[in-house]
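K.L.:
Sequence:
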Amino acid sequence: MANLVYGVQARKGFIVLSGEVALARPPCSECLRDYLESQYIEFAFIFNSRINTEQFFEMIAYDLDLPCSRTSKTEVLLPSTSYW
Numbered sequence: 001m002a003n004l005v006y007g008v009q010a011r012k013g014f015i016v017l018s019g020e021v022a023l024a025r026p027p028c029s030e031c032l033r034d035y036l037e038s039q040y041i042e043f044a045f046i047f048n049s050r051i052n053t054e055q056f057f058e059m060i061a062y063d064l065d066l067p068c069s070r071t072s073k074t075e076v077l078l079p080s081t082s083y084w
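For the record, in the sequence shown the residue sitting at position 84 is 84 according to our numbering, with numbers rising by one throughout.
Hint data in this document are derived by calculation from the structure and do not stem from the laboratory. On a predicted model such as this, the values are computed, not experimentally measured, just so you know. Glycine included, C-beta positions come from ideal geometry on N, C-alpha and C. Mixed in with the good hints there might be a few duds.
Claimed, not checked - Taking CB as the label site, the calculated pair distances span:
1. A2 x E54: 30 to 38 Å
2. V5 x P67: 29 to 37 Å
3. E54 x L23: 24 to 32 Å
4. Y62 x G13: 17 to 25 Å
5. V16 x E37: 14 to 22 Å
6. P26 x A2: 16 to 24 Å
7. N3 x E54: 26 to 34 Å
8. Y6 x E54: 28 to 36 Å
Required output: the full structure, derived from the provided sequences and hints.
P.N.:
Written out as structure tokens, the structure is:
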């Protein structure tokens with residue numbers, strides 16, 4: 001858990017939590033989620049790795065409450081002009 005919190009606090013970018021069956025990934029990810037919410041840190045929780053690139057960015061946009069009616073990955077990543 002300390003490594004996950006460090007990754008967030010040090011702004012290391014994407015953090016992947018993986019491991020063998022029965023290694024307590026769900027409780028660890030729930031604990032991290034609770035910590036992030038208590039610190040008012042925005043995050044996206046991608047729980048299904050069997051998605052394509054477009055679905056990956058759509059899930060991130062959804063978790064971050066970004067409008068996602070766009071058609072390309074670039075459009076999903078770039079803020080619309082209404083945000084400026």
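K.L.:
For each hint, tell me whether it holds in the structure or not.
P.N.:
Do the hints match the structure? See the list:
1. A2 x E54: 30 to 38 Å: holds, 34 Å
2. V5 x P67: 29 to 37 Å: holds, 30 Å
3. E54 x L23: 24 to 32 Å: holds, 30 Å
4. Y62 x G13: 17 to 25 Å: holds, 20 Å
5. V16 x E37: 14 to 22 Å: holds, 20 Å
6. P26 x A2: 16 to 24 Å: For P26 and A2 the Cβ distance comes to about 18 Å; the hint holds.
7. N3 x E54: 26 to 34 Å: For N3 and E54 the Cβ distance comes to about 30 Å; the hint holds.
8. Y6 x E54: 28 to 36 Å: holds, 31 Å
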